[in-house]
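Participant: Residue-level listing of the chains:
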Amino acid sequence: MEVKKGAAAGSKIGSAMVVGGGIAGIQSALDLAESGIKVYLVDSKAAIGGNMVRLDKTFPTGDCSMCMISPKLVAVGRHRGIEIITLSEIIGIEGSEGNFRVKVLKKPRYIDEQKCNGCGNCTNVCPVEILNPFDCDLGLRKVIAKPYPQAMPSICDILKLGHAPCKVNCPAHVSAQGYIQLIKKKEYLKAVNLVRERNPLASICGRVCSHTCEEACTRNDLDAPVAVKWLKRFATDKELEALQKGEISYPEEKTPPPGAKKVAIIGAGPAGLTAANNLADRGFAVTIYEALPVAGGMLAVGIPDYRLPKKILNHEIELIRRKGVKFIYNCCVGKDITLEKIRAEHDAVFIGVGAINSRRLGVDGENFDGVVHATDFLRQVSLGEKTNVRGHVAIIGGGNAAVDSARNALRLGCKVTIVYRRSRQEMPAYEEEIEAALHEGVEILYLAAPTKILGKDGRVNALECIKMELGPPDKSGRRSPVPKKGSEFILNVDTVIPAISQETDLTLIEDRNKIRISKNNYVEVDPKTMATSLAGVFAGGDVASGPATVIEAVEAGNRAADSIERYLNGEDLNALRYEDFVKSVPEELLPEIKDLPIRSRPMMGELPIEKRIRNFDEVETGLTEEQALAEAERCLNCAMCSECKECVKACDQNAIDHNMTEKIIELNVGALILAPGYDTFDPTLAPEYGFGRFPNVVTNLQFERILSASGPYMGEIKRPGDGKHPHCMAFIQCVGSRDTRSGGAYCSAVCCMAATKEAIMAKEHEPGLDISIFYMDMRAFGKGYEPYLLRARDEAGVKYIRSMVSSIVEDPETHNLTIRYQDESGELKEAEFDMVILSVGLRSTPANRRLAQNLGVELDEYGFARTDPFNPIKTSVPGIFSAGVFSGPKDIPETVMEASAAAGAVNRILGEVRNTQIPKEEIPPERDVSGEEPRVGVLVCRCGINIAGNVDVAAVRDYARALPNVVWCEEKMYACAQDTQQVIKDAIRNENLNRFVVASCTPRTHEPLFQQTMKEVGLNPYLFELADIREQCSWCHPGLKAEATEKAKELVAMAVAKAALFEPLTPSSVTIDKSAIIIGGGPAGITAALALAEQDVRVSLIEKETRLGGNLWNVKYEHDGLETAPLRDRMIQSVTGHPNIKVHTGVKIEEMKGHVGHYKAKLSNGESIESGVCIVATGGLPYKPTEYLYGQNANVLTQLDLEEAIVKAEETGKSPFGDKSDPTVVMIQCVGSREPEHNYCSRVCCSQAIKNAIRIKEKYPKARIAILYRDIRTYGTLEDYYRKAREMGVSFILFDEKAKPEVVAGSDGRLTVKVHDPVLESDVTINADKLVLSAGMRSEPTSSEISEALKIPRDEWGFFLEAHVKLRPVDFASDGLYLCGLAHSPKSLRESISQALATVGRAMTILSRETVETGARVSVVDNEVCASCLTCMRVCPYDAPYFDEKGDVHIEAVKCQGCGICAALCPARAIQTQGFRDDQILAGIDQLTCEAAG
Amino acid sequence: MSERKFEPKIVAFCCHYCAFAAADLAGVMRLSYPTSIRIVRIPCSGKIDIIHIMKTLERGADGVMVVGCMEGQCHFIKGNFMARRRVEYAKKLLEEVGMDPKRLEMFNLSSSQGPRFAEVSREMDARIRELGPSPLRPKSGSNEKTENVKVA
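Residue numbers (the numbering used here), protein chains in the order written: chain A, 1 to 1494; chain B, 10001 to 10152.
One thing to keep in mind: the hints can contain errors.
[To be verified] If you want the ones that stay clear, here's a sample from chain A, every Cβ over 10 angstroms from chain B, calculated:
#, residue
1, P473
2, P597
3, E666
4, E830
5, P924
6, K972
7, E1031
8, A1044
9, H1316
10, V1435
11, G1447
[Unchecked claim] Think about it this way: if two alpha-carbon atoms lie no more than 30 angstroms apart in a straight line, the pair counts; the simulated BS3-like pairs of lysine-lysine are:
#, chain 1, residue 1, chain 2, residue 2
12, A, K663, A, K724
13, B, K10078, A, K1153
14, A, K475, A, K519
15, A, K186, A, K245
16, A, K583, A, K185
17, A, K1041, B, K10005
18, A, K310, A, K415
19, A, K1314, A, K1259
20, A, K1160, B, K10078
21, A, K1184, A, K1314
22, A, K663, A, K103
23, B, K10078, A, K763
24, A, K72, B, K10078
25, A, K107, A, K583
26, A, K485, A, K456
27, A, K72, A, K185
28, A, K1351, B, K10078
29, A, K386, A, K452
[What the hints assert, rightly or not] Facing chain A, a subset of chain B residues (Cβ under 8 angstroms, in silico):
#, residue
30, L10025
31, A10026
32, G10060
33, Q10113
These aren't lab readings, by the way, just hints derived from the structure by calculation. Model, not experiment: these values are computed from the prediction. All C-beta atoms, glycine included, are put in the ideal place defined by N, C-alpha and C.
Same shape as in the complex, but just chain A:
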């Protein structure tokens, strides 16, 4: 365990943990870090960015999602106060608010995050392509790659689920998936080398392996396993072919290094060969002692040539020999030399002598001439010796030795009968061998066992057998044979070959006290380490395990070699070993096979019978290349990463470690913000929509990727099924939302607008596209949403169909989709589309539930965090806050607001320990370079092969060396590497450089790194320039190396020319007045005031009315019945009594001047106040209707009037309905909202009407309530109240905007409401006791004055306009000015409070500091030239230019954002933008346009 920071218990820690790296986490992290609190940003994924990075555009502005978020990704990545911890999950917590100890489990990336520089060399060589999760499985990605191009951290990750079943089930754990992938890429030699890493007998095992890998293949459950063994053989055959053609040659012969430790291997069988091979590789001097004249053991003298040609065996033995292994043949240890002597002469010994003696049958007649034991027979045939086998041969046994003997005897011209005591099913020989034997003419007599061998003249002439039957299963699980009494019969034979089993010959072991022998006569070894009971002596293969397979012997050799190396190095034999890292893929993560097409396994080619049964030629001829490639395609890549290790070879940084394991990190933080985001609903759980079965049904997130220019189809709208362009498509809303069956009864809040946006974008891509949206209620409730919706409907021509969709049916030929639905009149209809997009809902995730459980945070029934009713970011645990969808579905602006609010809340707790955890930057004083001639250093980066592969880097370097002012120029493998930074520093010092240019990659990500290096060596960071010769040369001009090189030279020349003209730039700093002006004393303003005051900010709270509280006087209770009056009173009391808050009531702001840090306001009472920031919380007004007899008839109320009446009635006990217990109440929605002149939704009225309806129903159960509506917009979990109202019997009647309800009052004042009900298709008339109007929200009339005084913009309805609708929802474009509450747009009380807290989070990024630095690349005015024409003042978006006392124009550096718009428009050219001065730009352009580079 790694403990990061320690602290005494109880003391506060100035750091916070933000969980989740989506837009919420990013915003919280930046706000916190900016205000001096160290942040650990923990994300479960390999890169931050969340879901927003996958979106194409955002509503309602159509902004590119990536454009907005990528600068923030970069900002997080380079912030000193933020540490990103990826692939991590919280598993435990201790402590309390202010001081928590959090346990984080970090999963392995398999790549060292410090070393990887994201160069992508690994991605290029990776052979495995899988469905890309970033593209929602529509495109492909390599398993080692950056999660997405702009990923932060900008490094690769490996998608690895464990190890494939084939690899796990192989005794030697050879990466079958890996070499199959390499075969797929025709990298045959690499494939063979990969096999040989774990198994030096690759060619041999390609022929004779028991292929347990295939038994485990996932395809077994679908069609047939991948032919792994044959593929291996195919690759090794290609190697031999290349050798024969001279394309490759045998490696040089090696000798062991001098002084190498000596290891003796006894027995040159597969175990011994493998151990020898591995030990020679590791630098030991290995000698093999072999009793036979040949190497290979049973491979040489057991397996017949027609299965394993000698050529193949010798090839692999030769490869081992060339590694420096010495073979001593005809040396039988125990006879020709003692084991003792060998031990004395070597440092370690491995015994791998096998089990080569045939076991005797134990029947009479076994000594007759003509009884030849299988091992002897096979050896004689292999060595070409004369055998004593002839005539009719009976072979006893059913294993491979029996079948091999049978087929050998057949080839010698004999008639062959195998006698086996059980049935075919139990035969242990390989199935294909038995098949081949039968095919060649071998007979098998099942259920028969020999009882006696008969002979004449000392030679066998018959075999007496007895019939057997199968009894109950024995220990091996096979049914045991039982003799049938009296069933003896005679078989006339000339030869008997017993092949029932093999035994060891352990004569070499003299002292059995030292090396223990088991009772089965095997050498006893530790099965993990292969160590015998005698130190330094190891054993493996058949001698230790009993007769087994080649691959098991290979594994024994592997293990023994590992152990011997450890033994000789004095290391622990039992410490983590290779096998310990091999973990199988969890079953639930194995590839889904049920919908995969069946694909057959190839047939192996064979020699025809007549060509093979009289000789020993190899029977199997191998797969053709075509077969092999097709077969390799069948591999399902079960583990994703196949561990082919090509990436390891390609990585220059040595960053890849496939054996990385998870680790636990413990972090000490003062508070946590939980922003882990959401998953989308899995539409396969709603099978009626056919997702997963119909290829042209996609989710809206998939459609975002389809629309994205960098998505799987490069922004072309295509059907995933066939790539055709659709002509008509449909969106289905509420898939998994507002649906009690699917567990998502709530509204997901974003899908209506998302679908609308996607429809508009699709229309922009293909204007002719016909798009329908099937919906229940169109919920366009946010700021700017309603006009956007109308634009989609009225301008883009998107069809909105109010309906309930029942199912989708696919036409099997065209793959078009028919939607069956019920329209608003209840009629069943059908419509056909080319493509259907499912607007899937937002869901909590299993990981979120785990997180909540581990932290003790309460969740609601849907798995969203339960938060404080009047503080939407406060969870049930003090010190732990929530942001974004973790507490319920919401859109991006609200998410960002909550993120800032949560940061504000953390600031309240940790304000006193700010700036204690972020490491201070140590930078030397800056060198004065004024008056010096430019001395430019240039470093040209090769970026591995990324640049060097397609740009002649040396030529660029030589060219740069000759450029004017260049005094130092070198090339480097990686400019961004840590050691290169030292090279740059040394060069700057040694050569006295005063400008520096790096020619490498994009400045967007790498400029800050090199600027930091400049700072560290005492040079001003603005004396640096970057030339991008990767993105702009090597990568975008593939195959044009000469041209790319010429262009690179020009870009470098441009950078050098510009740099020579650079001057040091120093940001000026402004001091910060730690105070705030808050305009508006409603709930938003009060919330902000209190939160700031608690952090020692002096607050002036300005309220134009005489009392504080704003709309809290109007709204009486919340949906859950919670009364607001206590909250209001508490709020007012706390601000009025607070020492840091000065309340000014009955006054207005008349004028405001200054900038961030120093604002100066003049009040209407003549007072003048100053502040560092200003928060606008001026509120809004409820609309006073003029329609529907409001103000004319006492029974016509607004919802607020009703609320007041209800509360009053509850206090007085007098019913608002008189003595009527069954009053009829009609409510009309959208009064004054969604009208041409007020074309926005007032957001709160639907839930307000429902809230009041429920309250009435609870009090007067017999009341009849009808709500006349256009769309019910109960977003998020407010939907629960809508459902509750329906369940309570409140009726909802739809009306069309063109057929509004009509209200008439009778002479008695009684009201009649008439409305056309489209569901009933008739007019409905209701006599109402009360008519309640859901009147909308209006902007505050005085906001125009504020707008002028503060120079802040408003929208067409008078609500203030934030800096950016999506990502800066509480900021104004000018720093230090913030916005919250109804002044921004209509919203609920909770939302106002949340937004107010967000302004606090944002304001504290300024107020937590003593000073704020301005930008350095700002515009400056030359007053000598300036004609005071005011152009700059007119065009500046930030109000930065101003007149000083002398009347000269200046640009306020603290306000200037460096866009340069003023400089471009200044008629006198008096303005220059630093770093982009005209002379600098033009000097660069000179280099691009002159011919010098050519």
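We have chain A; now place chain B onto it with these hints.
Facilitator: Just chain B, lined up with the frame of chain A:
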């Protein structure tokens, strides 16, 4: 007619936030576009000055592209609208001095439009190839700019 094959030089002024990022992405996605395109980074397309455009052409560039954010999405609120107006104006000036205004064009891209960046680059390259070398191009083999027509 020149014997040497005409290889155009096109200077692309790209705003930092969108256009430059789109060019980055084109590179990251290994999208191929003509080598004639040379990118000059500017903070905002609104920073582009008539002088920069004219001097670039005067010094022999065969074409100039100004590439900014999508309309309405300028990082600096309205810079790209100003740039467009200026490009339109510069085109008129070009016409007046007898240079084909098609040598200059403004494009709007979002940062995720790597493919579109490559596409407009190809379009511009094709257009300039059709127009042929700039009349102000320095004669090869000579360092003098013989047709040094002052346009600004």
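Participant: With reference to the structure, classify each hint as holding or not holding.
Facilitator: Evaluation of the provided hints:
1. P473: 61 angstroms, holds
2. P597: Per Cβ check, P597 of chain A is outside 10 angstroms of chain B; nearest 31 angstroms; holds.
3. E666: 37 angstroms, holds
4. E830: Since the minimum Cβ distance to chain B is about 37 angstroms, E830 of chain A lies beyond 10 angstroms and the statement holds.
5. P924: 29 angstroms, holds
6. K972: The assertion about K972 of chain A holds, with a minimum of 20 angstroms to chain B.
7. E1031: At roughly 3 angstroms from the nearest Cβ of chain B, E1031 of chain A sits no farther out than 10 angstroms, so the non-interface label is violated.
8. A1044: The claim is violated: A1044 of chain A sits with its nearest Cβ about 6 angstroms from chain B, within 10 angstroms.
9. H1316: 39 angstroms, holds
10. V1435: 7 angstroms, violated
11. G1447: The claim stands: G1447 of chain A keeps its Cβ more than 10 angstroms from every Cβ of chain B (closest is about 26 angstroms).
12. A:K663 <-> A:K724: 47 angstroms, violated
13. B:K10078 <-> A:K1153: 24 angstroms, holds
14. A:K475 <-> A:K519: Holds, at roughly 18 angstroms.
15. A:K186 <-> A:K245: Holds, at about 17 angstroms.
16. A:K583 <-> A:K185: 26 angstroms, holds
17. A:K1041 <-> B:K10005: Given that 30 angstroms is the threshold and the Cα spacing comes to 18 angstroms, the pair holds.
18. A:K310 <-> A:K415: 26 angstroms, holds
19. A:K1314 <-> A:K1259: Since the Cα atoms of K1314 of chain A and K1259 of chain A sit roughly 27 angstroms apart, the hinted pair holds (cutoff 30 angstroms).
20. A:K1160 <-> B:K10078: 28 angstroms, holds
21. A:K1184 <-> A:K1314: Status holds; Cα separation ~22 angstroms.
22. A:K663 <-> A:K103: With Cα atoms ~10 angstroms apart, K663 of chain A and K103 of chain A stay inside 30 angstroms; holds.
23. B:K10078 <-> A:K763: Judged against 30 angstroms, a Cα distance of about 25 angstroms means the pair holds.
24. A:K72 <-> B:K10078: 21 angstroms, holds
25. A:K107 <-> A:K583: 14 angstroms, holds
26. A:K485 <-> A:K456: Answer holds: K485 of chain A to K456 of chain A is near 27 angstroms, not above 30 angstroms.
27. A:K72 <-> A:K185: 39 angstroms, violated
28. A:K1351 <-> B:K10078: Roughly 17 angstroms between the alpha carbons, so the hint for K1351 of chain A and K10078 of chain B holds.
29. A:K386 <-> A:K452: 26 angstroms, holds
30. L10025: 6 angstroms, holds
31. A10026: 6 angstroms, holds
32. G10060: Check passed: Cβ of G10060 of chain B comes within 5 angstroms of chain A, closer than 8 angstroms.
33. Q10113: 4 angstroms, holds
Hint compliance for this structure: hints 7, 8, 10, 12, 27 are not met, and every other hint is.
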